[in-house]
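There are 6 protein chains.
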Amino acid sequence: MARPDDRLADQLRPVTIRRGWLTHAEGSVLVEFGGTRVLCAATVQSSVPRWRRDSGLGWVTAEYAMLPRATTTRNDRESVRGKIGGRTHEISRLVGRSLRACVDYKALGENTILLDCDVLEADGGTRTAAITGAYVALADAISWMRDRKMIKTSPLVGSVAAVSVGIVDGEPRLDLCYEEDVAAETDMNVVCTGDGRFVEVQGTAEGQPFDRAELDALLDLAAGGCADLTRIQQEALGS
Amino acid sequence: MARPDDRLADQLRPVTIRRGWLTHAEGSVLVEFGGTRVLCAATVQSSVPRWRRDSGLGWVTAEYAMLPRATTTRNDRESVRGKIGGRTHEISRLVGRSLRACVDYKALGENTILLDCDVLEADGGTRTAAITGAYVALADAISWMRDRKMIKTSPLVGSVAAVSVGIVDGEPRLDLCYEEDVAAETDMNVVCTGDGRFVEVQGTAEGQPFDRAELDALLDLAAGGCADLTRIQQEALGS
Amino acid sequence: MARPDDRLADQLRPVTIRRGWLTHAEGSVLVEFGGTRVLCAATVQSSVPRWRRDSGLGWVTAEYAMLPRATTTRNDRESVRGKIGGRTHEISRLVGRSLRACVDYKALGENTILLDCDVLEADGGTRTAAITGAYVALADAISWMRDRKMIKTSPLVGSVAAVSVGIVDGEPRLDLCYEEDVAAETDMNVVCTGDGRFVEVQGTAEGQPFDRAELDALLDLAAGGCADLTRIQQEALGS
Amino acid sequence: MARPDDRLADQLRPVTIRRGWLTHAEGSVLVEFGGTRVLCAATVQSSVPRWRRDSGLGWVTAEYAMLPRATTTRNDRESVRGKIGGRTHEISRLVGRSLRACVDYKALGENTILLDCDVLEADGGTRTAAITGAYVALADAISWMRDRKMIKTSPLVGSVAAVSVGIVDGEPRLDLCYEEDVAAETDMNVVCTGDGRFVEVQGTAEGQPFDRAELDALLDLAAGGCADLTRIQQEALGS
Amino acid sequence: MARPDDRLADQLRPVTIRRGWLTHAEGSVLVEFGGTRVLCAATVQSSVPRWRRDSGLGWVTAEYAMLPRATTTRNDRESVRGKIGGRTHEISRLVGRSLRACVDYKALGENTILLDCDVLEADGGTRTAAITGAYVALADAISWMRDRKMIKTSPLVGSVAAVSVGIVDGEPRLDLCYEEDVAAETDMNVVCTGDGRFVEVQGTAEGQPFDRAELDALLDLAAGGCADLTRIQQEALGS
Amino acid sequence: MARPDDRLADQLRPVTIRRGWLTHAEGSVLVEFGGTRVLCAATVQSSVPRWRRDSGLGWVTAEYAMLPRATTTRNDRESVRGKIGGRTHEISRLVGRSLRACVDYKALGENTILLDCDVLEADGGTRTAAITGAYVALADAISWMRDRKMIKTSPLVGSVAAVSVGIVDGEPRLDLCYEEDVAAETDMNVVCTGDGRFVEVQGTAEGQPFDRAELDALLDLAAGGCADLTRIQQEALGS
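Protein chains in written order, with my numbering: chain P, -13 to 225; chain G, -13 to 225; chain H, -13 to 225; chain A, -13 to 225; chain W, -13 to 225; chain V, -13 to 225.
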């Protein structure tokens, strides 16, 4: 059965990364994976959380959120409900952890970089788009710090990119859109470094449990997708 | 003393209204007043709040919010702090009240239109940009309802637009940017209907109290600015 | 059509200001505008908010609230609901901003005066009664500080009073009671200094938008009402 | 050692009960025990909590709170802090339980009477003043219901009054003011019915534990004090 | 009418106290009163609350909570509801106050001991079991401090134990199980010191008010029960 | 380098599953993985969440929490902080999702089974112990339903068990204790069905990213561990 947009099983949606979308943020990116649009803003703070003070080490963290009408039907605002939902918490933690995998805390010094990832429109894969875009915003914030002599050497020890994969109609597919995501038996989010190693592997059987062969096929697809995204990130940063 | 962008005292910043910015919302607009960018999304709900049930009347309401890095320095998320601040509450109420001034509840039937106004970037006048853009998103949502035969006649009984005015360096000025807003002795937000009457007048002496002559000068400026914005709204809707 | 209590259109309700209603507060007033009763208590704190420390400047702020049975039907407590509503936030901010218009922060030194305005019974115009009464409590708190040599010169650079006006049955009226407030097409709250200048003008079209002539008539009425209230405040402070 | 106001050990402070202090409430009382002033408002609701529906039985409940400047130093508002403190919860529950002791739920029908007890000024014994005053407001609300034929027979099966007792300087004393309350080794709140039986006995050793003889002396004092208060309540209701 | 488990009116349920139930806590006890099981954990903190700093004095406090399925039907978690209920607040305060009655703050130095009392299973008398068990955990935590030379002399100036009593079917009974608790006309919780004095007496008429003779009978029963519990505590600590 | 308890790299800690630990719950288990102890309680509700009503389908969900002193140093209660942390949310969702993998919603009918997993003591692997224990409590609750004829056939379509694996000192190890968990470069939680397929795979590089060979080794270890746990579950249920 064909994909909704006729892509090949191992093909990404059109991905664009627009740097400098915001005027004030130290780094900012509007990233699009097909119909999914996420605004990633990096803020540099010359301090660290309380538990890290006087360690000489920096910190990187993230907050993920979705505008109420990013989706087909409207979701109530978490600010109005007075609390953050489990899904938001979970993804914020994932984004922060993923970005920390490519940062040398010592080179960062006692500074914090906070990545705000706000989903303006959602069509599947918002968390992986957020990670992929936030890496570029992070890189720009680090350049901003170097320009201002806040740091001497770059704390970036590599890059990270992320993609979703899943089994739909029995077929392993790369970068699911919302329609496929809902129909998937198994859904996996994978974060890789630019040199092809794994930072996060989160696979969930939504319907039938999956066997080792299926898992292997998904990991292969994801590794390929992340390699493509790494190239797109580098092109964006090179321009 | 000249304005930061060399505008005349009675001149608006460049204003753009892009309709259909979101795929799913029943109406959506990205509105820009110079460096201020607000995403306005209209959601149609075929129900009304509990206190209005079985009245045969509809409802229009709004929620305003700001992304954390819309501003020069980052603001904490209200969802993370677990409560909505007074300023957010106040502006949400103002936007809803302003839009209700151009709606016939009976013609709307027992439906609600909710306007989400999210500030992506802030450079002064975010509440007035939100009202001006939300009117266009509201008009689009009403067209959407008519196309689906949810309503027979248009519940729009006019249009609304809003602008800020203030006294800076002793001079009454139209459509203050952030730099002017901070420096203003008096700051006023005015909402007008398309036929030039007033819906809201909110003037505040930030520094020196203002006399009647100054108040009159500000009202004149605002009425002119709203007339310009009404024309821009009509052009956007005509296209 | 006559007013519910047969007043003239430009006549205030009976206004009483009882000073020293509480034993412990540095200043306290029970203010009545007809059936509206507000208890205003001033608390002197020898510190300022964090963002103002080491500036040499003081601060004045306010909190407004309503007892649950101040109104015809009972309102749930905001403490029980776990959050403050938009209306409460909005009025608290208005009261604080209004009082700050008559204070010289430098003469106040690094001290804060906090005005608690609790509505014991509501019959329209609670926010304007709160401002009018809170000014007197503020003046008493400042005398208390001078008696204790906390400050050398008075930080009061004038006085403020507030009143509501509105258009009811097509007629502009001063100081609306609840019954008139509900029926008003346009409702405006105006805060003036003792010398007749404006601090806040907040007009809202509840029903029909209003034109410039109506706005002018309302401003005239309000200026007259505030002048009367200023005299009543001075008599209360003189006794 | 003499009491601060030279009272005898078994003497109440001056107690006044002013009925009808509020215009709208179905029953309302301003009760004073010396410098302690509590506003008690009864609200009649023609419904019962969900867990009691279709039982044919009524309900009586209470909410206790303190204005921020009721005390020598200001307390933050619980609405601002976003949650109700343990002390407030505890006293609200005590007041409701005490009043329920004199009510026949069947005669009340499926109606709720809610007693709001707001402390305007505190000088010790606020919870016992609240109970004593709320009983009178409750009785007035019941008369109001009978006048409107909401109930046929009175659901009041007696009366309740409450007083604090304590051991200060080794001496058992009745109706402690704040200064004595702070100095008390043992502090006890006692709620009695009009016919002299106990509804609540809550004794706490603040300093030294107390022996049975001391407990007996305190109970004797409290029973006497409640008998006096019962007479004052009846006089108030008779007028 | 016989008791559900055929006990005598003045007989405790089987009581067991298992020390050292947790590996990490400075003191820990699993206490059982029949079917009621409470896990009490003592945590030593080398600091005191802000309001007590630089006083040279220590502090003891407690938090009580119930697992959701400790009871016949499940209760929602207070963490999920986002706030602590009145009953939980009230009991936490009672447990803390009771334990403080046997502690010399000066000998404790500027340290805090926090007692967590979590009800794993509830069959009546959870608060009194919590106090009785928490005393033993407290004693163990104090031994732990002495072993580490954090304190020189023991801050324990006695012991505390607690029990519930009530009037069921007209008969005063000791240590009510849940079935009796629900049926009781009067319910009383009593906390005594090891030498037989009272720390807390909290009696409530659930149904009929009680007279002085009934109150005396309940106090006698409670004093006897606490003496038994004191012996069981000492045996547990002696082993 | 040897493991802290001298286990082999592919060896589980001693695992015990005690059924029926609570009297009231429809299923309950105290599960121990070495020093980790989790109390799992199953509650049967004859209703489903609102969004699932009239579907004929049941639901299974879970709530995970930790007692404050389950850990070496005390954690504040989430009920006291007024909100649930991201980690708690994330694990609750994982436990529910894992259990749903072995349930046929149709056979369950419109009933909900809620699993409460409360960590009494934590020494690594609390979420995997929770899943493993909760499965047994779930099976007992289903037997309870069958005994009461609430369901005709068993909705259990298999079993689930979970274990943690990680790379410590460069060596892949099964079932990490806390000391190893803290030291792990990579940490993975794996949930398998009784027939050896995967339900969840959640791998995280805490330090160095991991390559495909390391990932494969961890998956092999986890599959073996889950097979062992499945056997232990079956023995527990067979007894």
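Be careful, since some hints might not be right.
Said to hold, decoys possible - When the alpha-carbon atoms are kept at most 20 Å apart in a straight line, the in silico DMTMM-like pairs for lysine to aspartate or glutamate are as follows: (1) H:K69 - A:D40; (2) W:K69 - P:D90; (3) W:K69 - A:D(-4); (4) G:K69 - W:E64; (5) G:K69 - H:D62; (6) P:K138 - P:D90; (7) A:K69 - H:E64; (8) V:K69 - G:E96; (9) A:K92 - A:D167.
What the hints assert, rightly or not - One side only, chain P facing chain G, incomplete, derived with CB under 8 Å: (10) L8; (11) A11; (12) T57; (13) R60; (14) S65; (15) V168.
Calculated from the structure, these hints are not laboratory results.
The structure presented is a predicted model; accordingly, all values stated were derived computationally and were not measured.
Positions of the beta carbon are idealized from the N, C-alpha and C atoms, including for glycine.
Now the hints, each set against the structure:
no. : hint            : result
1   : H:K69 - A:D40   : violated (32 Å)
2   : W:K69 - P:D90   : violated (40 Å)
3   : W:K69 - A:D(-4) : violated (41 Å)
4   : G:K69 - W:E64   : holds (19 Å)
5   : G:K69 - H:D62   : holds (18 Å)
6   : P:K138 - P:D90  : holds (12 Å)
7   : A:K69 - H:E64   : holds (9 Å)
8   : V:K69 - G:E96   : violated (36 Å)
9   : A:K92 - A:D167  : violated (39 Å)
10  : L8              : holds (6 Å)
11  : A11             : holds (5 Å)
12  : T57             : holds (7 Å)
13  : R60             : holds (4 Å)
14  : S65             : holds (4 Å)
15  : V168            : violated (15 Å)
The structure fails to meet hints 1, 2, 3, 8, 9, 15 from the earlier list, while all remaining hints are met.
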